[in-house]
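Quick note, my numbering runs 358 ahead of the 1-based positions in the sequence shown.
Mixed in with the good hints there might be a few duds.
Pairs of lysine to aspartate or glutamate residues, derived as EDC-like cross-links and limited to a Cα-Cα distance of at most 20 Å, are as follows [unchecked claim]:
| id | residue 1 | residue 2 |
| --- | --- | --- |
| 1 | Lys617 | Glu583 |
| 2 | Lys526 | Glu731 |
| 3 | Lys503 | Glu928 |
| 4 | Lys813 | Asp769 |
| 5 | Lys423 | Glu433 |
| 6 | Lys611 | Asp507 |
| 7 | Lys621 | Asp507 |
| 8 | Lys752 | Asp501 |
| 9 | Lys502 | Asp613 |
| 10 | Lys535 | Asp592 |
| 11 | Lys617 | Glu628 |
| 12 | Lys423 | Glu731 |
| 13 | Lys535 | Glu628 |
| 14 | Lys503 | Asp595 |
| 15 | Lys828 | Asp906 |
| 16 | Lys792 | Glu432 |
| 17 | Lys735 | Glu527 |
| 18 | Lys635 | Glu572 |
| 19 | Lys488 | Asp507 |
| 20 | Lys752 | Asp922 |
| 21 | Lys838 | Asp769 |
| 22 | Lys629 | Glu583 |
| 23 | Lys579 | Asp613 |
| 24 | Lys400 | Glu433 |
| 25 | Lys535 | Glu572 |
| 26 | Lys838 | Asp938 |
Everything labelled a hint here was simulated from the structure, so no lab data went into it.
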Amino acid sequence: MNTEEFQNQINNRIPLITKGQGAFLGAAIGDALGWPQELEAKRIDKNSFSVAEVLENGFQQWERKSGGQYYPHEEIIQAGEYSDDTQLILCTGRSLLYGNQWWHQLTKLELPIWTYYERGGGGATKRAAKSWLWEIEPWLSKDKKRYFDAGGNGAAMRILPHCIVGAKETSFAKIAKNIVANSVTTHGHPRALLGALAYGFAVWLALRQTNTLEYGAIIDKVFSEVNSWSLLPDLNDICPTWKNSALEVSYGKYDDNWKVTVKEMLQLLEKCQEGMKEGALSIEKEILTQLGCFNKSIKGAGTVSAAAAIFLASRFAANPFQGIIEAGFAEGSDTDTIASMTGGILGALAGIEWLRNYKNKVQDANYLKQLAEHLAKNQNRSQTKQADNRKVTKNTANLLIVNINKLNIGDNITFPDGRQANLSSIINHNSLSKSTIATSRKLLTADGQSLYFKKLSRLKNDPKANFQLKAVNVVNIGVKLLVRDMNVARFFYEKVLGLKVEKESKNAVRCGCIVLVPISPKENTLQSLNNSNQKNPERIYLEVASLDEVYSNVRQFEAKIVRDIYEREERRSFLCLDPDDNMVEILEIKF
């Protein structure tokens, strides 16, 4: 498509549905092209492909190393498959089908279950999603400082659907509020939130563009209309505890930090404007360098990625596919996310024709178009799906995974969100260690999304192979008995059996190596799930100087984690099962 054809297409007023589909497909194609070029993708195949090969032959299959140091294995990524960027766009899009209940759907269903099928997810997003899985708002977790330090592009990459749903809004304010409400589910730093806002405003402008686009117009509008997207909205009606936590962690300076970051974002946009003035000169890499796209310490920041995407989309507005190529092959940058965000803006501007045959070859192409159309059609409607109170917890998710691992090819299963899925294939990955077994199950949902659920394990006849166990300092050990009535239990052990009470507190009585503790409703639930044949099982407990080492060892051994690390009364602990299914509680001692 040449420049004249492109401008004619825009002047012919591309329908919003087509623009929405172009945004979804452009983002997914950018993601699929950029993912194998990203250093963090850990690509290991030797047949790396060039820009020329991609332009001539389309998407290419590639291989990556997965599983970390404990379960190393090779993973083949099929041609056109996308990563977490597109997965999370779809999570947001599905949530928006529930109208005003979208935030509940995102935090209670979409993000928790995403932790089991994610591909290439960022650390901050995965940590926060796991926190939602445990029904803990990440800004109230023990790791909340780390949450508020998260300023990456994991928020900006997924907010595109909000712009499609709000494309006919006369003001950006409502969209901005929803973008921030979405972003804070995983990221707390102003860089993440303002990057999402600036990018969202650019997408919104592109969706609404109906006449000839002036050169550099999107950058200029994002810069000049800063007050439309840079205000921190009031989220008290959506997540009432968030702002107080933000102020607490920032020592009351969150609003000041926000203003500083607005200036930072504007400075990045000014650099983009300067780059646009260079006309036909090839200065893309120079501008991306100035923005920080190749700086390891900031290249993944939300502000940096937003500026890069806005610049490349503006720079290549008349030759949009080249914009995705420039982003996807900007070696050393966060290629998949920048290419995805660039493709999102360009698709919102130009629709789908410029995407060539890639629009049919990218993973789940029909589903992407279908969901985008659904969102674009339902402007100003409260909801298109009936909301309910369903949610994914650790226990329900574990049960789902158990059932998935029992499926045979062709079998069906129902996801927690109500979608039906069919097991289409089982993939045995090539192991890079003697003991690792890595298997993926590919499920295809009835509405057309492909999901990979991976199971990592070790050969049962070699339980100690390749373990790198850490030293554990055990301070105390005993047997904990969960009792229904503390008074009755104490009377029995102290008076009837004659054991001496050595120590007692409000929640525990210690008689030698036996500790009596009252059973709670939550403990009762855990028992029913894991010890169904015992009414009131004993529990071995260990007090250790540091919890992290023993937790790492337990994970390596693949012992079942019954309850992940949590904090109660300033003491961290977790529950697991030993090889004979005895419950073991490990607590970090307070000195």
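How the hints compare with the structure:
Among the hinted pairs, Lys617 with Glu583 is consistent with the structure: their alpha-carbon atoms are about 16 Å apart, no more than 20 Å. Restraint check for Lys526 and Glu731: satisfied, since their Cα atoms lie roughly 15 Å apart, inside the 20 Å limit. With a CA separation close to 16 Å, the supplied pair Lys503 and Glu928 stays within the 20 Å bound. For the hint pairing Lys813 with Asp769, the CA-to-CA distance comes to about 18 Å; that is within 20 Å, so the pair holds.
Restraint check for Lys423 and Glu433: satisfied, since their Cα atoms lie roughly 6 Å apart, inside the 20 Å limit. Proposed proximity of Lys611 and Asp507 is supported: the alpha carbons are some 14 Å apart, at most 20 Å. The hinted pair formed by Lys621 and Asp507 meets the criterion: a straight-line CA distance of about 18 Å does not exceed 20 Å. Taking the CA atoms of Lys752 and Asp501, the gap is near 18 Å; set against the 20 Å cutoff, the hint holds.
Annotation: proposed proximity of Lys502 to Asp613 holds, straight-line Cα distance about 18 Å (limit 20 Å). Note on Lys535 and Asp592: the hinted pairing holds, with a Cα-Cα distance of about 8 Å set against a maximum of 20 Å. With a C-alpha separation of about 17 Å, the suggested pairing of Lys617 with Glu628 holds against the 20 Å cut-off. Among the hinted pairs, Lys423 with Glu731 is inconsistent with the structure: their alpha-carbon atoms are about 36 Å apart, more than 20 Å.
For a cut-off of 20 Å, the pair hint linking Lys535 to Glu628 is broken: about 25 Å separates their Cα positions. Of the supplied pair hints, the one linking Lys503 and Asp595 is violated, its CA atoms being roughly 23 Å apart against a limit of 20 Å. Between Lys828 and Asp906, the direct Cα distance comes to roughly 9 Å. Compliance with the 20 Å bound is thereby established for this hinted pair. At roughly 13 Å between alpha-carbon atoms, Lys792 and Glu432 fall within 20 Å of each other, so this suggested pair holds.
Pair hint Lys735 plus Glu527 holds up; C-alpha atoms about 14 Å apart against a cutoff of 20 Å. Pair hint Lys635 plus Glu572 holds up; C-alpha atoms about 13 Å apart against a cutoff of 20 Å. Taken as a hint, the Lys488 and Asp507 pair is honoured in the structure, with Cα atoms around 17 Å apart against an allowance of 20 Å. This hinted pair checks out: Lys752 and Asp922 have alpha carbons roughly 9 Å apart, not beyond 20 Å.
Proposed proximity of Lys838 and Asp769 is contradicted: the alpha carbons are some 43 Å apart, above 20 Å. Taken as a hint, the Lys629 and Glu583 pair is honoured in the structure, with Cα atoms around 17 Å apart against an allowance of 20 Å. Of the pairs offered as hints, the one joining Lys579 and Asp613 is violated, with about 24 Å between alpha carbons and a cut-off of 20 Å exceeded. With a C-alpha separation of about 10 Å, the suggested pairing of Lys400 with Glu433 holds against the 20 Å cut-off.
Proximity of Lys535 to Glu572 is assessed by CA-CA distance (about 29 Å); at most 20 Å being required, the pair is judged violated. In summary, the hint linking Lys838 to Asp938 is supported, as the alpha carbons are separated by about 17 Å, within the 20 Å threshold.
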